[in-house]
Amino acid sequence: MRPADPHAMQPSKPGSTRTAPPQVPDDFWTRPRMLTYLLFDATGIVYLLVGLVVLRVAWALTSAESWNALMSEFASPGYLVFHAIALVSALFVGVRFFRLFPKAQPARIGPAKPPPRPILHALLYVAWIGITLVLLAILGGVWP
Amino acid sequence: MADENGGELRKRTFVITRFDPDKDQVPKTQSYEIACRPDWKVLDALNFIKDEIDPTLSHRWSCRMAVCGSCGMNVDGEPKLTCKTSLAEYGDTVEVAPLANFPVIRDLVIEMDGFMEKFKAVKPWIIVAKEKAAEEGTYKQTPEELAAYKQFSMCINCMLCYAACPVVSQEPEFLGPAAIALGHRYNMDSRDEGAAERNEVFRGPGTVFQCSYANECSEVCPKNVDPAAAINQAKLNAVVDWASGFVVKRGK
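Going line by line, the protein sequences match chains A and B. According to my numbering, the residues represented by the first sequence are 15 to 158, in order. According to my numbering, the residues represented by the second sequence are 6 to 257, in order.
Think of the hints as simulated: they come from the structure by calculation, not from any bench. It cannot be assumed that every hint is accurate.
If you anchor each label on the Cβ, the simulated ranges turn out as follows [said to hold, decoys possible]:
#1 B/Ser158 / A/Tyr61: 35 to 41 Å
#2 B/Ser195 / A/Leu69: 29 to 35 Å
#3 A/Pro158 / B/Ser158: 48 to 54 Å
#4 A/His97 / B/Glu202: 49 to 55 Å
#5 A/Leu137 / B/Pro26: 42 to 48 Å
#6 B/Lys135 / A/Arg45: 22 to 28 Å
#7 B/Lys33 / A/Leu101: 47 to 53 Å
#8 B/Glu202 / A/Thr44: 48 to 54 Å
#9 A/Leu53 / B/Gln35: 35 to 41 Å
#10 A/Leu94 / B/Met70: 54 to 60 Å
#11 A/Lys27 / B/Lys33: 24 to 30 Å
#12 B/Gln146 / A/Val156: 27 to 33 Å
#13 A/Ala72 / B/Glu150: 28 to 34 Å
#14 A/Lys27 / B/Glu141: 48 to 54 Å
Here are the simulated lysine to aspartate or glutamate pairs, EDC-like style, with alpha carbons at most 16 Å apart [what the hints assert, rightly or not]:
#15 B/Lys16 / B/Asp118
#16 B/Lys254 / B/Glu224
#17 A/Lys127 / B/Glu205
#18 A/Lys127 / B/Asp49
#19 B/Lys125 / B/Asp44
#20 B/Lys137 / B/Glu122
#21 B/Lys128 / B/Asp29
#22 A/Lys27 / B/Asp118
#23 B/Lys137 / B/Glu83
#24 B/Lys28 / B/Asp81
#25 A/Lys117 / B/Glu205
#26 B/Lys128 / B/Glu202
#27 B/Lys89 / B/Asp49
#28 B/Lys145 / B/Glu224
#29 B/Lys128 / B/Glu38
#30 A/Lys27 / B/Glu178
#31 A/Lys27 / B/Glu122
#32 B/Lys254 / B/Glu202
#33 B/Lys145 / B/Asp197
#34 B/Lys33 / A/Glu79
#35 B/Lys135 / B/Glu198
From the three backbone atoms N, C-alpha and C, an ideal C-beta is built for every residue, glycine too.
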């Protein structure tokens, strides 16, 4: 065991008996479920980097030369690995977020009730896949 | 090795956290090797140790049927109701420790007063502006209205969710899963008129927004209360309540 915050779950007034300070198991942060949660949060770093890359892309729109230079830079192994990591992160976050999203919805919003959780879960995937296909079609020049 | 009924006994070593407030500065562990029956729960082994080997061992338990919520402990690092946790799930060595994130009074007995304070803070009772007179009859509720909060009313206050929560271990002010689930349960109750008061508590120092949705509370809940769902629904309600305060003037 190792220490938790010493004030965790402490009463506002100490009792008559001396207590041992709160502890957590040594492997608290490395258990599979907790590790999954930490990885989920850590993907924020990946999205920050993706955001910076997007800014670079926007900056490269200023001239054809800088755009072509950036595109050839994107073909480098480093960028390919980074984009692969970004893709895996997006899939991982999507799957976990979609699993937890339905139950976080209120029982009703005014007179309206959200659809049953399995349907809401499925709708999220439909929307995700649909938007991805539309973006792919636009970027691939297939549509519109 | 067999018991009197012919059942196969299995030797297991229990590594149990011990703490005597009169002698110890910090908790230590003590090992007990016992022959366990195949149908034993973790609590059966603890009771056997206390009854037959070491009467100084202290632990809480009562109903033995996962209703009273007394026997919560960390078993191999995971918060469990020991009366509901079969030894068949474990190997030859089983670690039993008091619930994580709580101060320890003695051995496996944790200090509950901090939890009770959080509980009271969410006003877990029906709040009405004006009580109905007895002759006006009872407060009626449709099955649909009951369904809106029933799941969140199944909590047995076992505190496993607090032992599992990564926020509780780092943010002492956080109201925590069971208290927020209970507050949300009353906010969802059609007979209640205290949602505005509770939402102020939810936005206060122990705010619901400290929850990072790790979902651990719901993973360990033995009654499928799903406190993580309650907390995240309470977040939205607390925001809507805050925003509506700009539009609708509230009476005191």
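Here is what the structure says about each hint:
no.	hint	verdict
1	B/Ser158 / A/Tyr61: 35 to 41 Å	holds (38 Å)
2	B/Ser195 / A/Leu69: 29 to 35 Å	violated (50 Å)
3	A/Pro158 / B/Ser158: 48 to 54 Å	holds (52 Å)
4	A/His97 / B/Glu202: 49 to 55 Å	holds (50 Å)
5	A/Leu137 / B/Pro26: 42 to 48 Å	violated (55 Å)
6	B/Lys135 / A/Arg45: 22 to 28 Å	violated (50 Å)
7	B/Lys33 / A/Leu101: 47 to 53 Å	holds (49 Å)
8	B/Glu202 / A/Thr44: 48 to 54 Å	violated (41 Å)
9	A/Leu53 / B/Gln35: 35 to 41 Å	holds (36 Å)
10	A/Leu94 / B/Met70: 54 to 60 Å	holds (58 Å)
11	A/Lys27 / B/Lys33: 24 to 30 Å	holds (28 Å)
12	B/Gln146 / A/Val156: 27 to 33 Å	violated (55 Å)
13	A/Ala72 / B/Glu150: 28 to 34 Å	violated (52 Å)
14	A/Lys27 / B/Glu141: 48 to 54 Å	violated (41 Å)
15	B/Lys16 / B/Asp118	violated (37 Å)
16	B/Lys254 / B/Glu224	violated (40 Å)
17	A/Lys127 / B/Glu205	violated (25 Å)
18	A/Lys127 / B/Asp49	violated (46 Å)
19	B/Lys125 / B/Asp44	violated (39 Å)
20	B/Lys137 / B/Glu122	violated (29 Å)
21	B/Lys128 / B/Asp29	violated (37 Å)
22	A/Lys27 / B/Asp118	holds (9 Å)
23	B/Lys137 / B/Glu83	violated (46 Å)
24	B/Lys28 / B/Asp81	violated (26 Å)
25	A/Lys117 / B/Glu205	violated (23 Å)
26	B/Lys128 / B/Glu202	holds (8 Å)
27	B/Lys89 / B/Asp49	holds (10 Å)
28	B/Lys145 / B/Glu224	violated (34 Å)
29	B/Lys128 / B/Glu38	violated (46 Å)
30	A/Lys27 / B/Glu178	holds (14 Å)
31	A/Lys27 / B/Glu122	holds (10 Å)
32	B/Lys254 / B/Glu202	holds (14 Å)
33	B/Lys145 / B/Asp197	holds (12 Å)
34	B/Lys33 / A/Glu79	violated (68 Å)
35	B/Lys135 / B/Glu198	holds (10 Å)
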